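Asks: Chains as they are written, first to last, in UniProt numbering: chain S, 1 to 226; chain Z, 1 to 378.
Please keep in mind that the hints were generated in silico from the structure rather than gathered at the bench. Any given hint could be a false lead.
Per the computed footprint, the stretches of chain S lying under chain Z, defined by three or more beta-carbons under 8 Å from a beta-carbon of chain Z, are [what the hints assert, rightly or not]:
#1 54-64
#2 67-79
#3 108-118
#4 166-174
All values derive from a computational prediction rather than experimental measurement. Beta carbons are placed, not taken as given, at the ideal position from N, Cα and C, and that holds for glycine.
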Amino acid sequence: MITLSDVSKIYNEGRPNAVTALHAVTLTIARGGVTVFMGPSGSGKTTLLSLVGCMARPSTGRITLDGAPVSGLPERFLTDLRRRHFGFVFQRFNLIRGLTVLDNVMLPAAPLGEDPRAVQARALARLEALGLGPKALMPVEVLSGGETQRAAIARALVNDAPVLIADEPTANLDTALTHRFLDIVAALRDQGKTVLLTSHDPRIIAAAPVSAVVEMRDGQVVEVRS
Amino acid sequence: MNALRRQRALADYTIAALSRRKVKNLALVAVFSLVVFLLASAMFFASALRQEADAALEGAPDLIVQQLSLGRQAMISADLIDDLASIRGVRDVRGRLWGYYYDRVSGANYTVMVPEAGQMPPPGQVIIGEGIARARGLEWQGAPLFLSRKQGDLNRFDVAQTFESDSALLTADLLLMNAADFRAFFSVPEDMFTDLAASVRNPRERATVVDKASRAMPDARFVTRDDIARTYMKLFDWREGMMVALAAVAMLAFAIFAADKASGLSAEEAREIGILKAIGWDTRDVIAMKLWEGGFVSLGAFLLGTTAAYAHVFWAGAPLFAPVLKGWAVIYPAFRLAPGVDLSELVVLLLLTTLPYAAATVVPVWRAASADPDAVMR
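So that you can see chain Z by itself, here it is in the shape it has in the complex (with noise of 0.2 Å):
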């Protein structure tokens, strides 16, 4: 009871204190908050980034069957579904149906694609991402997209439903449309598809599949989950990499902040430390208090600087990165981020700002509180 009583009470003489230099503590819990907000909001930025890989492979299929034509991507007939489908380990082949529109309204190419059976909308309807919705205005169910064909004659789809997914990277500039308008949109013929997709029953037997594959279909790509999960990382791991270049400016400047704090006490606070010191305070009182005053100020800048992160990066959708992370897409910079937060990271994060400040305020308190007192009678 009594320690409890004790530390009451050097809270509430820390947070006397801390209110006594108003401008000077405000100053420093902004500084502080702005450094943990950048670290946060890159890692926040990464850790988002890793999400949406994640939610990117979860869809994608074993391997992937791609037609070449002078070394190029060209349409696969759907007669090769039979021929892959005859190899031992191979199930659920299917015909695909995907391309690339450019939309000269907004300046922006959007993703085409037929889906699954289930997810099909209604002949002359289509489902968009957000990102398109926001570049043509139609943030509407029923709401009118015109598209011009390749023929020059516009062909009108009625927004069924904007994109809701966990992978907003890749799904902002998606249009989902119905096979048959596909094919009739993009003049596709009845037994072509832009690739086949199928799946392996067992996973590690992918690179004999293939092998089998390549010898059956000789000018074919195949294209294996595992390559797609390399891509991926090597797309995301460069943005996150940018990410960790930023996050070390923001330590180096945290470490600069620290070290300054480390450098000593003002004359002010020496003599402070001296009197509590000669009316009856322990070296160790004065040592809790400054880790009391340490802990609010570093965990006050921590909440506010991770807050703000969390608001830039998932609700603002992080504008200080995205023109230089995110942006290979006209309508990229405006969309949002799925918010998840790696509870480990924060942790981390939450040790990485709080242990070192607080070490960096206790050590010249230490030195001071260490001396005899007498000095404060003269």
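Next up, chain S with everything else stripped away, as it sits in the complex (with noise of 0.2 Å):
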């Protein structure tokens, strides 16, 4: 379980271009279901998700993590946690041009001091299992918009993590490439796994994988339908 108490993050703090991005934020989120964060642009969804995802620390308030504080933890914690817990999906995917994909979904466990041939073996079933196999040695700039999200996906996944981030996931996928992820997303729920998305796209919100809607506007949490 995820649990944000009071919190707010302010950009640039103390400077006159600072920005709340989050004000006061109380949230709980459970264990092994589909939440989606919905809100215009701006309304704070992405600085949640870095937020629980232990991408940046809060500027107020207290983040849980299974029960254990995690917001005031110095930055190599951090990077541990981010490595056990969370798989992320960016919104432009973000994989490294010039690598494989197979390079790229091995990426995460480098550091990790693990054998290759595990690795790479798990990342090999971790893209037969998203129909990207036979793309595994290609360069990643020759995959389309589709299996470019499952790379990433792939790569998010490597590492076995227990919940799954994605930032506008669908948002430059046509409704096909959109359904087909729905399907992978309902694939992890079913493996009991937590997945975090934010979305503008109505079809993701009122998908059958989804446990729960987190409504957004002006860096405030203004509804929480489950």
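Could you fit the two chains together into a complex? Lean on the hints.
Replies: In structure tokens:
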């Protein structure tokens, strides 16, 4: 379970260009479901995911992960939490250009010192499961939009993270690919993983696998629908 | 085991990262190699000059006595050999025959010497330095060398061998001749020598011996081994000083290069670091990866630069520096320095080039990697 208590995030704090991205958010996110954060641009969805995924620290308030406070931890502990608990799919997917699909998927495991053959086998299994096995050795530049997204999902899952965080994952996808993505999300939910998404897309919000929708506006949670 | 695997994985990623930016990294290695090449060439050249000085001094006598006439060196009488030998502490006094010969054919001055008994070529034969062999095209044994006497007639000598010496700088223009041939060629009477050379039993008594000898031979000049050493040091220090100046320019270029590198990362590099951190890389992992990158680049440039410098100085005869630093004689620019590398200097060069570069690489990376990675989410 992930909890946020009275969490605020101010960028450029103390400077004239300070921006309050989140304001006193209190929220509980259950394990094992699919939660969608929706709201207009600038409503704080991405900031909230960054805080939950230990990619940034709150300016005030407290975040806990399975009861343990994480918001005040030093950087190296946050990195460890990111490795063990979270897999990220970024809005632009952020695969490293020039590397093969397989190399990209193996990248999160590189600093762990695991047997490279085991990591490779795991990465290939993830790619196979997402229908990208035949493209494993191709450079990422040749992938289509949907394939790039699936490669990013495979990368997010290679360390078997229990929580998948995806920021606007279907923003650039057509209807067919969006449905394919939702199928993947449903499969992950069935495996017991927690999926946190941000989206404007009504097809995502109305989709079957979604268990909760958090509506945000002006840096605040205005409604939580389960 | 995990630590090794981790380093291997980071190194693998680094190699992939380097090959992704081939053009940029090859240009980087090329510039870096050029700086190392200049530094290493200067260092090898200076080292070789010191080696030449050491080799030259090794065979120098403790004391040389020269006859002065009108303030200039003149031939010295063989009678003075006994006078000098009678001074306590002096031993092995011998007369030396040597001089200079201007060769109109090659337009160069040769140093003509009569070696000690063991190295004396047979009558009619000469041993020549590499420079003479090259200048006169006499690169085989038995080749005839025609030299013109002051009387205008030509004398034929056969080349017994080409001189092999550790001190190429001093032997390139050297021509060794039999004593009888020397006297006949230069018209030197039997009882005269160019100068006298002597050993002193106790090197600390050289000054005392010179003091006694100068009283016995007031019209002679005495040159000790220490004087020769000082002259060589002045000669080689000047040349080494030029090398240091060149090295300083190369270091300055390197400092500018490193400062430019340290000034920041490209937006693409910063973004990549953000991605790596977001997917679970630690700040230490990113820095380790960049250290590998710096290591590959700087070590590669070091190896390329030093290998090229070695070839430049010892195989090609340092064509970039030689015209300025070696040539007081026509034949010198073509000769090769004896290979010799001071390992400690090489280590210093390695540290001077790799450590500042690694530091220059790591500082901006550390700054980028220390920030929260949430910027990549946006």
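Asks: All hints are to be evaluated individually against the structure, with a verdict given for each.
Replies: Structure-based check of each hint:
1. 54-64: Coverage by chain Z holds here, the residue count being 3 at a Cβ distance below 8 Å.
2. 67-79: Our answer is that it holds, as 3 residues pass the Cβ test (under 8 Å) against chain Z, meeting three.
3. 108-118: holds (count 9)
4. 166-174: n = 1 at 8 Å, threshold three: violated.
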